[in-house]
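Take a look at the letters that make up each chain.
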Amino acid sequence: MAAQTQAPVAKIKTSNRGKAVGQSLTRMALRRLRRDKLTLIALLVVMLLAFTSYIGVIGIDRAFNVDPETVHLDRTFAPLFSGGVNRDESSSTHVLGTDDLGRDHLSRLLHAGRISLSVGFAAAMIALSIGVTLGIITGYYGGIIDDVVNWVIATLTSIPSLFLLLIIAAVMPSAGPATLIIVLGLLGWTGTTRLVRGETLSIREREYIISARAIGASPLRIMFTHILPNLFSLIIITLAIDIGSLILAEAALSYLGLGIKPPDASWGNMLDGSQEFFTRGIHLVIFPGLMIFITVLCLYLIGDGLRDAFDPTAKD
Amino acid sequence: MIKYTLRRLIQAIPTLFGITIFSYLLMALSPGGPTAALAIDPRLPPAVRERTERLAGVNEPIFVQYLIWLTGDDWMRVDTDGDGKADRSFLIDIGYDANGDGDYDDRELGEEIYPPGDKQGIIRGDFGDSFAYAGRDVLQLVGERIPATLELGISALITGLVIGVPIGIYAAVKKGGWFDNSTRILAVVFNAIPIFWLALILILIFGARLDLLPMAGRTPRTIGTGIPPIYERIEYLILPTFVLATGAIAVYSRYMRASMLDVINQDYMRTAQSKGLSTRKVWFQHGARNALIPLATFLGPAITNLLSGAAITETVFAWPGLGRFGVTSVIGRDYPVVMAVVIIGAVATLLGYILSDILYALIDPRIRFD
Chain A
1 MAAQTQAPVA
11 KIKTSNRGKA
21 VGQSLTRMAL
31 RRLRRDKLTL
41 IALLVVMLLA
51 FTSYIGVIGI
61 DRAFNVDPET
71 VHLDRTFAPL
81 FSGGVNRDES
91 SSTHVLGTDD
101 LGRDHLSRLL
111 HAGRISLSVG
121 FAAAMIALSI
131 GVTLGIITGY
141 YGGIIDDVVN
151 WVIATLTSIP
161 SLFLLLIIAA
171 VMPSAGPATL
181 IIVLGLLGWT
191 GTTRLVRGET
201 LSIREREYII
211 SARAIGASPL
221 RIMFTHILPN
231 LFSLIIITLA
241 IDIGSLILAE
251 AALSYLGLGI
261 KPPDASWGNM
271 LDGSQEFFTR
281 GIHLVIFPGL
291 MIFITVLCLY
301 LIGDGLRDAF
311 DPTAKD
Chain B
317 MIKYTLRRLI
327 QAIPTLFGIT
337 IFSYLLMALS
347 PGGPTAALAI
357 DPRLPPAVRE
367 RTERLAGVNE
377 PIFVQYLIWL
387 TGDDWMRVDT
397 DGDGKADRSF
407 LIDIGYDANG
417 DGDYDDRELG
427 EEIYPPGDKQ
437 GIIRGDFGDS
447 FAYAGRDVLQ
457 LVGERIPATL
467 ELGISALITG
477 LVIGVPIGIY
487 AAVKKGGWFD
497 NSTRILAVVF
507 NAIPIFWLAL
517 ILILIFGARL
527 DLLPMAGRTP
537 RTIGTGIPPI
547 YERIEYLILP
557 TFVLATGAIA
567 VYSRYMRASM
577 LDVINQDYMR
587 TAQSKGLSTR
597 KVWFQHGARN
607 ALIPLATFLG
617 PAITNLLSGA
627 AITETVFAWP
637 GLGRFGVTSV
647 IGRDYPVVMA
657 VVIIGAVATL
667 LGYILSDILY
677 ALIDPRIRFD
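Protein chains in written order, with the numbering used here: chain A, 1 to 316; chain B, 317 to 686.
The hints are simulated quantities; they were obtained by calculation from the structure and are not laboratory data.
Because the structure is a prediction, the values reported are computed rather than measured.
Treat the hints with caution; some may be incorrect.
[Said to hold, decoys possible] Covered stretches of chain B, going by a simulated chain A footprint (3 or more residues, C-beta under 8 Å):
# : stretch
1 : 376-387
2 : 483-494
3 : 516-526
4 : 551-562
5 : 575-586
6 : 634-647
[Claimed, not checked] For each label pair, taking beta carbons as the anchor points, the in silico distance ranges come out as:
#  : chain 1 : residue 1 : chain 2 : residue 2 : range
7  : B       : VAL380    : A       : PHE224    : 49 to 57 Å
8  : B       : GLY459    : A       : TYR208    : 57 to 65 Å
9  : B       : GLN327    : A       : GLU207    : 33 to 41 Å
10 : A       : ILE41     : B       : ILE337    : 32 to 40 Å
11 : A       : ARG62     : B       : LEU667    : 54 to 62 Å
12 : B       : GLY492    : A       : VAL85     : 53 to 61 Å
13 : A       : LEU220    : B       : ILE337    : 45 to 53 Å
14 : A       : LEU40     : B       : LEU528    : 48 to 56 Å
15 : B       : PHE333    : A       : SER129    : 46 to 54 Å
16 : A       : GLU207    : B       : ILE554    : 52 to 60 Å
Yeah, the Cβ is synthetic: ideal placement off N, Cα and C, and Gly gets one too.
Can you build the whole structure from these sequences, using the hints too?
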């Protein structure tokens with residue numbers, strides 16, 4: 001049987017002290033991750049960004065007496081670390097300056113981060129759920145379901161993805177974060193399905209699946225208690241990379257005016273029209289893009305790091 | 317070979333149908349979709365209104381509407397005796413007359429015969445008229461923008477190959493060295509950078525600050541219709557080409573490196589080495605040439621990526637191509653144009669995939685056609 005050669009997942013490691021220690025793939029991966037500085041830094045940065053956007057922003061808004069919505073026409077395009085006295089005599093500090101309407105840039109960036117991160121994460125979860133479910137089912141059953149799903153995938157992937165997103169975004173009756181999440185999620189599953197389907201095809205021929213089938217386990221049980229756990233590493237790698245790509249997609253759509261719409265801030269729509277700010281406030285061009293870039297870069301690095309860590313053929 | 321090509325073309329037909337069904341449904345089911353946008357005046361007398369709607373086919377079942385859009389209605393409502401009135405029909409009404417010719421579904425309408433259908437359907441290249449450009453033929457509008465997109469797309473593809481491939485080869489030769497590591501980082505960076513932002517930053521630096529390159533557009537000439545030859549406006553091409561090529565550079569350099577590392581372990585490389593050939597000859601003549609073969613499979617995905625990227629790049633740089641046209645038409649809800657852009661893009665992608673499969677089979681002697 002061909003499957004025999006690909007079966008070993010756990011390794012026996014002989015430590016210096018001469019004891020043989022059996023380790024699961026997950027434990028080995030965690031150990032490798034602990035030594036992978038770049039991935040750890042990326043993880044830390046993403047966590048910090050998420051924390052600041054969701055929780056820290058409340059404190060920051062209060063400390064500098066700013067909020068993302070208030071318009072200050074007396075200080076548009078204010079430079080970094082400038083201040084101003086508000087109508088109610090209180091004073092505000094604009095750490096990253098203000099935008100074309102005098103709104104605080106830092107506060108907007110962080111509130112935008114909340115939306116961009118949420119959209120990316122939620123859409124990735126939807127895409128992943130659809131992708132994994134369809135991948136397992138098509139890989140396990142094959143036949144007509146497989147053909148139909150493959151046809152849908154071939155159709156969706158041959159339409160340039162941004163055009164597809166554009167049409168759907170334009171067609172959607174209401175444009176809010178929730179709509180955008182659904183649209184991105186419903187279109188982003190094709191790659192995952194292909195990957196999971198391929199994995200399932202190879203797992204389904206292994207002995208433990210055959211023996212599970214022999215003792216009468218239902219297909220549902222085999223798919224979700226025997227195959228799914230083996231896809232764990234693939235799933236978290238895909239999740240990290242998908243969140244990154246979907247944040248990029250959301251940013252592009254919002255930049256083109258078809259994603260998150262003002263007054264809600266997202267990193268993409270903050271750059272919309274920023275070409276006009278070249279002479280008056282470069283910070284308005286730099287920071288939103290930098291936020292997208294750093295977030296996506298870190299997520300991709302995490303994905304890469306996880307892939308290396310979970311690689312069963314890698315040597316320590 | 318011909319058999320293989322034919323088979324691939326036939327396999328593409330269901331996908332093509334999928335694309336038309338999917339995009340039509342999307343458009344037809346959208347609120348304020350193509351039919352609502354016909355803007356039928358509510359003050360029209362009911363009979364005239366009915367007639368207009370009939371001719372536009374908006375009250376037909378969606379399946380019939382799709383069929384009309386796909387194949388046209390000139391074969392559904394036909395005039396056989398040449399009097400300008402339809403007298404034979406298939407699936408759709410032709411009205412009726414006093415002599416009893418035609419289809420009598422709707423007698424309350426009065427004596428009325430519709431003219432024969434004049435739509436040819438997208439299958440024959442009839443995408444209808446644009447809403448935004450005062451009834452101009454969509455295909456003509458799209459056709460005017462294709463050269464600009466091809467110009468940008470081809471130069472980006474060439475740039476991607478010319479930069480990406482050597483980087484990949486060199487990274488593989490010096491595997492694990494600083495060059496390899498930095499190109500690995502470069503590839504991730506190029507993938508993660510939002511291209512519209514990269515475009516903005518480059519415009520800011522090279523256009524607004526240093527004043528070295530134009531900030532947008534395709535040509536310096538604003539008066540007149542002609543486009544000067546490409547060598548007179550090469551500076552307009554530099555920034556958009558680079559921005560559009562970043563994705564390709566990242567992908568090609570990584571892929572070329574992997575492909576090169578695959579090739580290194582082949583027997584013929586060892587043979588070449590043991591024959592006493594110089595290292596340079598072994599790497600480049602025996603290694604790189606074979607490592608290039610799998611790159612042929614990238615043509616299909618490259619076309620989709622370039623078209624998707626073009627939508628953004630062309631918008632930022634005000635490049636008068638298909639991508640920007642698609643974006644403005646989506647925003648302006650010019651549905652016939654959107655449909656045309658999507659379907660042309662999808663067909664180009666499908667052909668790209670088929671072409672790359674055939675190319676791959678042609679170049680690699682290990683692949684057989686049967």
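Hint check:
no.: 1; hint: 376-387; verdict: violated (count 0)
no.: 2; hint: 483-494; verdict: violated (count 0)
no.: 3; hint: 516-526; verdict: holds (count 5)
no.: 4; hint: 551-562; verdict: violated (count 0)
no.: 5; hint: 575-586; verdict: violated (count 0)
no.: 6; hint: 634-647; verdict: holds (count 4)
no.: 7; hint: VAL380(B) - PHE224(A): 49 to 57 Å; verdict: 43 Å, violated
no.: 8; hint: GLY459(B) - TYR208(A): 57 to 65 Å; verdict: 59 Å, holds
no.: 9; hint: GLN327(B) - GLU207(A): 33 to 41 Å; verdict: 35 Å, holds
no.: 10; hint: ILE41(A) - ILE337(B): 32 to 40 Å; verdict: 47 Å, violated
no.: 11; hint: ARG62(A) - LEU667(B): 54 to 62 Å; verdict: 58 Å, holds
no.: 12; hint: GLY492(B) - VAL85(A): 53 to 61 Å; verdict: 59 Å, holds
no.: 13; hint: LEU220(A) - ILE337(B): 45 to 53 Å; verdict: 31 Å, violated
no.: 14; hint: LEU40(A) - LEU528(B): 48 to 56 Å; verdict: 40 Å, violated
no.: 15; hint: PHE333(B) - SER129(A): 46 to 54 Å; verdict: 28 Å, violated
no.: 16; hint: GLU207(A) - ILE554(B): 52 to 60 Å; verdict: 59 Å, holds
Hints 1, 2, 4, 5, 7, 10, 13, 14, 15, counting from the list given before, are not met by this structure.
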